[in-house]
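Line by line, the protein sequences are chains A and B. Using my numbering, you'd call the opening residue of the first sequence number 686 and step up by one each time. Using my numbering, you'd call the opening residue of the second sequence number 243 and step up by one each time.
Misleading hints may appear alongside valid ones.
As a list, the in silico DSS-like pairs of lysine-lysine whose alpha-carbon atoms are at most 27 Å apart [claimed, not checked]: (1) K352/B to K817/A; (2) K374/B to K807/A; (3) K504/B to K487/B; (4) K503/B to K487/B; (5) K579/B to K504/B; (6) K807/A to K291/B; (7) K352/B to K821/A; (8) K438/B to K790/A; (9) K807/A to K352/B; (10) K504/B to K881/A; (11) K495/B to K809/A; (12) K438/B to K809/A.
Below, a sample of chain B positions facing chain A; criterion: calculated Cβ distance under 10 Å [to be verified]: (13) T285; (14) I286; (15) L407.
No lab work stands behind these hints: they were computed from the structure. From the three backbone atoms N, C-alpha and C, an ideal C-beta is built for every residue, glycine too.
Here is how the chains run, residue by residue.
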Amino acid sequence: MKKYVTPILALFLGGFALAGHAQYSSSHKGLLWLASHGLDYEIKAGINIGGTSPLPLPQEIRSLDSYSPGLAITLEGNATKWLDAKQKWGLSVGLRLDKKDMDTKATVKNYGMEIFSETGGKIKGLWTGGVKTTVKMSYLTVPVLANYRISNRWKVMAGPYFSYMLNGEFSGNVYEGHLRTPDASGSRVNFEGENKAAYDFSDNLRHFQWGVQVGGEWKAYKHLNVHADLTWGLNDIFQKDFTTVSFAMYPIYLNLGFGYEF
Amino acid sequence: MNVKYILSGFLLSVSVSSCIQDEALNVEAAIDGCTGTNIQSATIDHLRKEVEVYVLDGTDISQQELIFTLPEGATIQAEETETNDRPPLYDFSQKVLRHFVVTSEDGATKTPYIVRVNKLALPTSFSFEELKETTPYNVFYLTNATGIMQWASGNPGYELSGMALNETQYPTVQYPVGYAGKCVKLTTLSTGSFGKPLGMPIAAGNIFIGSFDTQNAVLAPLQATHMGFPFTKRPTRMTGWFKYKAGETFTDKAGNVVTGKKDRGDIYAVLYEAPTSDFTLDGNLFPDGTGIDEHIVLLARIPEQEMTETDEWKKFDLEFTPQNGKTVNADDLKNGKYKLAVVFSSSVMGAYFQGAVGSELYIDEVEIICEN
């Protein structure tokens, strides 16, 4: 699925650009028409910085030892329909290719986990020690936002977004600690130094995710905008019947970037 | 109304709600270890929650010291106290089997255990007929008669690989057709994606007199096999029956194929000096596969040329020969200063994770012949 998305998005964005270009060449008629119908088009590019985290942090997590965001690029095309004559209030719909990446190391206590083998057998128990987590997700996202123009240069947007996860990775390993298996009264297995056990919950990620987005945009030049958007996931990234991670996790990312407005 | 305020408001609420909460009390409740004066060996059965403590015959067990290793914050208590109990000294003279309860730090997990103090007398003939446990993996009684002592194996370690879906998929299993009655079948198996990155790509089927320490199964697998029990007679020969078939592809510790190398099973018994009652030799009896541990006094081991592939039951008759220039001291022998380890493995270098997946060793009707 993923390999088709980039070309689709490129076509989508290209369509905008071509449309814009065509309108230019036909002596601004198109733009005038757009303006007279209260429509703005924009393409945006940015980076996502943030994390996928339980909220609030559960008691199992004792400390966050390291965090590094991956290079997560976003591309978006959107259209805004201004609803009133003064063009203060508007509604925008976009299509965005979103990446949300991060790497963290945390120290946990009695963190429920399961490790599956290739035979389908598994080892499960409570982990106390270090956990390294890598989250890499690609989404196709549709934000539906209310727009309010504060001034000629400033506008703010807020509303829900709906994401389809094209592919996702949630994996990592456990290190420096002990596993109590299969439960709190089971046997203890120590891990130290180079001894690590890998886990991979990628197959348990939910494909449909949604949340809210709040942001602002500042018009730097006639066609160039700078934006900051906070996206906050409101459903657990894991499927409902997945119980190994005992708490829900939500992606919370800040998107910073610029856009070209036609 | 400024965008910055809205954003900073949101970011603030994220950071506030992301604060690390107060640490929860520990939920773990288990016995991770048991030591004490005069204890020759202690085996912990995590499945049945039983601790078998072995002391020499003639030991006073009215003040038996039991020092339990417990999870952080957990406590242990005898369910019914005896008047002579002075923890960690417990009176086992009235009842050799007593009930204990481990309570987790948070009080929510309570795990009842049976602790039994046994006078040790190692049997000398083994026919692998009776199982103490069938699931999740087979655990063999050492003899059919006493119903207490059990053979140790690497099965608890293999359980951690998550590879076995039932008891027949473990390296050490009972097999219905032996030389006489049932027998034990040892198979070298792959440990899959769990074992390979840990430098343990295979698990040889093994069965031995001693105990397996699950706690160190991953960390120090060689040290997790505690070989031997005290033995008060002088062994002269070890006899028994075997069948062997080597697996096809020999692999090294990293899981890489070693072309031209053929796997081979191993059968041996050693009598060794135990300077203290809690001393045991671990899986590194023959350092690098060719050395010999300095504590070993007598060794009976199948020669390479006799450990051949065979579809028919083949007899082995191995003589205990002196090692390291040592002799057996009769007084020390009587006082339990020597331990006997009997070991069978489907891959001779299995302790070092070298061998061929699919190697099979069947063992039956083993006997340790001793001087009168």
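- Which hints from the list above does the structure break, by number from lowest to highest? Structure breaks hints 1, 5, 7, 10, 13.
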